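Peer 1: Residues per chain, in single letters:
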Amino acid sequence: MIEVIDAERCTACDICVNVCPTNVFDKTDGIPRIARQGDCQTCFLCELYCPEDALFVSPFADTPQQLDVVALKEAEVLGSYRRAVGWTDESRHLRDADRSYRLFGH
Amino acid sequence: MTIPSSRAERLSSSAGSVVFDADVLVLGGGPAGTWAAISAAEHGARVVLADKGFCGTSGATAAAGTGVWYVDPAPERREAAMASREKLGGHLQDRRWMARVLDRTYAQSNQLADWGYPYPVDEDGKPQRNSLQGPEYMRLMRKRTKQAGVTILDHSPALELLVDGSGVVAGATGLRRQKGDRWTVNAKAVVIATGGCAFLSKTLGSNVLTGDGYLLAAEAGAEFTSMEFSNAYAISPAFGSVTKTLFYSWASFTDEQGSVIPGASSKGGRSVIARALRKGAVYAQLDEADAETQKHMRVSQPNFFLPFDRTGIDPFTQRFPITLRLEGTVRGTGGLRILDDSCATTVPGLYAAGDAATRELICGGFTGGGSHNAAWAMSSGYWAGQGAAEFAQQLGVTVGRQVFRRGTVGLRSRSGRPLQGGALAQSIQGEVFPYELNYFREAGRLGQSLSRLDALWSDASVADAPGEQELLRAREAAAMLATARWMYRSALARQESRGMHRRDDYPEQDDRYLHYVTTGGLDEVWTSARPLPSLQYAEAAE
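Going line by line, the protein sequences match chains A and B. Sequential numbering of the first sequence, starting at 29, is according to our numbering. Sequential numbering of the second sequence, starting at 16, is according to our numbering.
Hints were generated in silico from the structure; no laboratory data involved. The structure presented is a predicted model; accordingly, all values stated were derived computationally and were not measured. A couple of the hints might just be wrong.
Stated by the list, open to error - Label-pair restraints from in silico Cβ distances: (1) B/R416 x A/G133: 52 to 62 angstroms; (2) A/D96 x B/D520: 49 to 59 angstroms; (3) B/R416 x A/D90: 46 to 56 angstroms; (4) A/E104 x B/E523: 25 to 35 angstroms; (5) A/T91 x B/E91: 49 to 59 angstroms; (6) B/A306 x A/H121: 18 to 28 angstroms; (7) B/A114 x A/G133: 48 to 58 angstroms; (8) B/A458 x A/H121: 32 to 42 angstroms; (9) B/D109 x A/R61: 24 to 34 angstroms; (10) A/D57 x B/D196: 35 to 45 angstroms; (11) A/D117 x B/S264: 45 to 55 angstroms; (12) A/G133 x B/V287: 17 to 27 angstroms.
The beta carbon of each residue, even a glycine, is placed where N, CA and C say it ideally should be.
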């Protein structure tokens, strides 16, 4: 489930509010609020669309977690999915790196 | 591509609601919905697309990615692609539909390349077009939908269909949940592309898929088919949502003590896993993937590794607990019954595409996995959009026609207590998640479950409409409930095991059931047998 909106990085652009398929976030006067965490389906897409790497989705789909944001940032976990699918400038070459055709038919 | 001359017209937005006038309304913004909207616009229609979530991220494909049934047009390769599925599907496929879906999928996939989708190129310099990265694909589809002149309404779940005095579909109305008001689209034709129903099981990206379009369509009188082929379960880490069963073909499966579970496998041995899970924890480890395969897995599906990298598990060298999450009719093959090549349903002006429409035509009784499902979304989306645009054109001027709301449960004021969507959804999950009810079916257990589901329906149908905040949840639960009842009534009617439908009390395939099961109805759910097209032609020739 979505656990972190890092106040240091978030620019209140509200992209996460718009793109979340299950409407988990609410807009505020400042940074968005995780208003309905229980509705999070753990699809990781808000994190992927966040241009500031300010979000972190925990892989635990059914139970909330206590997380240390500083440690997550030090481990460079924030934004790791965006980098892996080639949605950052330095990882653009990964957008056509799909090798699924080598895996089908196993 | 022809750019349509005009967009759907915004008629008013006074008093906290918005009204549009369009030729075609598409409900759902996943692959099928976006292909339908683009196709309808290309065929001259003014189009509105309303998505429950955000067109581009909502639906199973955006989150998960997908293979595509993309086959080179060489006749022998097409023949092999069709033949390989017939036994699995219990011989319920239709060769004519398979061929036209292969043709259409080939064209649409190549269209994606022209639009700039970054298909990979193999070692021989040949583009590989049988897989799509979900976020990349659906971001492109949103862009192309907007460029086609389609008006997109995000976070705008439909609540009910509108019909005219003769029962022809005339649009729909719903919520704008982030604005706290309502939308209405007056349209000459509607495409249902709202996906299947995975019963809020958190299979990757599927929680927006609660069967909403089925309920809307059924309220307008639509019929369903092959709803018994609805017991697909996917493997995921026990704690997580990432269901990517293909990768488990490199896995070994063990019990609590570390002993290998005989026969357990991602393909052809998932029922063994289901049985083992009833007794205790089951663990997987992808120990059959060599270094090269591991590398391909990493770059192909980065999302598969999120649950592992973020919990410090190396899935190739360490065991981790797994579960099976219900994919229902998302991976199943049933859905709205399609009458003709334009993907028309049994309701005039109403079309269906993607997971919401029956996939029996190309998959028969066995899931096509992502591959056939993606091909079906592209093809049926294209045809439904075209069909809806042509229907709208033939209908001509509809100014001043009277329209009626067709919504039922959860939408009417009653004297009873308001419908409790959250609690109802949990009760339904208790009937469709358990392997002994849904995976391994048997007349006694199905019958008891149906009695409980019917009782839930009786209660829900006399409940008062909840407040605006709870309305969507209530309608979702009602849709799940209706879906479960069509599934189990159909499962009872098919007294054999065929395709993915397995009956403990009838373990063999029985040729007396070489037909489709049609179903429908809300207060009274009915089923009937429908002959295969090949047999219909034979009768007509006599």
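Peer 1: Compare the structure with each hint and give your call.
Peer 2: Hints and how they fare:
1. B/R416 x A/G133: 52 to 62 angstroms: holds, 53 angstroms
2. A/D96 x B/D520: 49 to 59 angstroms: At 54 angstroms between Cβs, range holds.
3. B/R416 x A/D90: 46 to 56 angstroms: holds, 48 angstroms
4. A/E104 x B/E523: 25 to 35 angstroms: About 56 angstroms separates the Cβ atoms of A/E104 and B/E523, which means 25 to 35 angstroms is violated.
5. A/T91 x B/E91: 49 to 59 angstroms: holds, 52 angstroms
6. B/A306 x A/H121: 18 to 28 angstroms: The hint (18 to 28 angstroms, Cβ to Cβ) holds, given that B/A306 and A/H121 are roughly 21 angstroms apart.
7. B/A114 x A/G133: 48 to 58 angstroms: violated, 22 angstroms
8. B/A458 x A/H121: 32 to 42 angstroms: violated, 57 angstroms
9. B/D109 x A/R61: 24 to 34 angstroms: The hinted range 24 to 34 angstroms is violated for B/D109 and A/R61, with Cβ atoms some 50 angstroms apart.
10. A/D57 x B/D196: 35 to 45 angstroms: Given range 35 to 45 angstroms: violated, Cβ gap about 21 angstroms.
11. A/D117 x B/S264: 45 to 55 angstroms: violated, 35 angstroms
12. A/G133 x B/V287: 17 to 27 angstroms: Since A/G133 and B/V287 have Cβ atoms about 22 angstroms apart, the given range 17 to 27 angstroms holds.
In the structure shown, a violation is registered for the earlier hints numbered 4, 7, 8, 9, 10 and 11, in ascending order.
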